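Trainee: Sequence:
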Amino acid sequence: MQWAERQRFNHGSSLMQGWGALLLLVACALWVRVGFLIWDTEDTLYCFRASSICEMDTTMPEQLTLLGISAPLSVAGTGLLVAGSVRRQTSAHVLRVIEMQQSEERARNK
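Residue numbers (our numbering): 22 to 131.
By construction, these hints were calculated from the structure, which means they are not laboratory data.
Cβ-Cβ distance ranges computed for the label pairs, FRET-style:
| hint | residue 1 | residue 2 | range |
| --- | --- | --- | --- |
| 1 | 31 | 96 | 21 to 31 angstroms |
| 2 | 54 | 115 | 34 to 44 angstroms |
| 3 | 60 | 123 | 54 to 64 angstroms |
None of these values were measured; they are calculated from a predicted model. Just so you know, even glycine gets a beta-carbon here, dropped at the ideal spot from N, CA and C.
Given the sequences, and given the hints that come with them, work out the whole structure.
Mentor: This is the structure:
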C-alpha cells in the first residue's frame with residue numbers, strides 16, 4: 022500500500038514539474054517574440070493627403086501585451102516547477118529516514 026501511495030505522490034509531483042516546465046517554455050517563447058518585436062521595430066509615420074494629421078504606427082501595445090501575459094506565466098511556471106521538485110526531494114528524504122529507522126530497529130532487536 023505504501024508503494025502505491027508513493028507512486029501516486031511522485032506522479033502528482035511529476036505532473037507539477039511538467040506543467041511548470043511547459044508554462045516556462047510558453048513564457049520563454051513570448052519573451053523571444055518580444056525580443057524580435059523590439060529588434061525589428063521600425064516606427065513609421067503615416068500622413069494622410071487630405072489632412073495634415075499624421076499617425077505613428079508602433080508595435081508597443083503588442084509588446085506590452087506579450088510582456089503582461091508572460092510575467093504571470095513565468096511566475097506560475099517557476100512556482101510549479103520548484104514545488105514539484107521540492108515535493109519529490111522531500112518524499113525521497115522521508116522514505117530514506119523511514120528506512121534508516123527500520124534498519125536501526127532491526128539492529129536493536131538482534
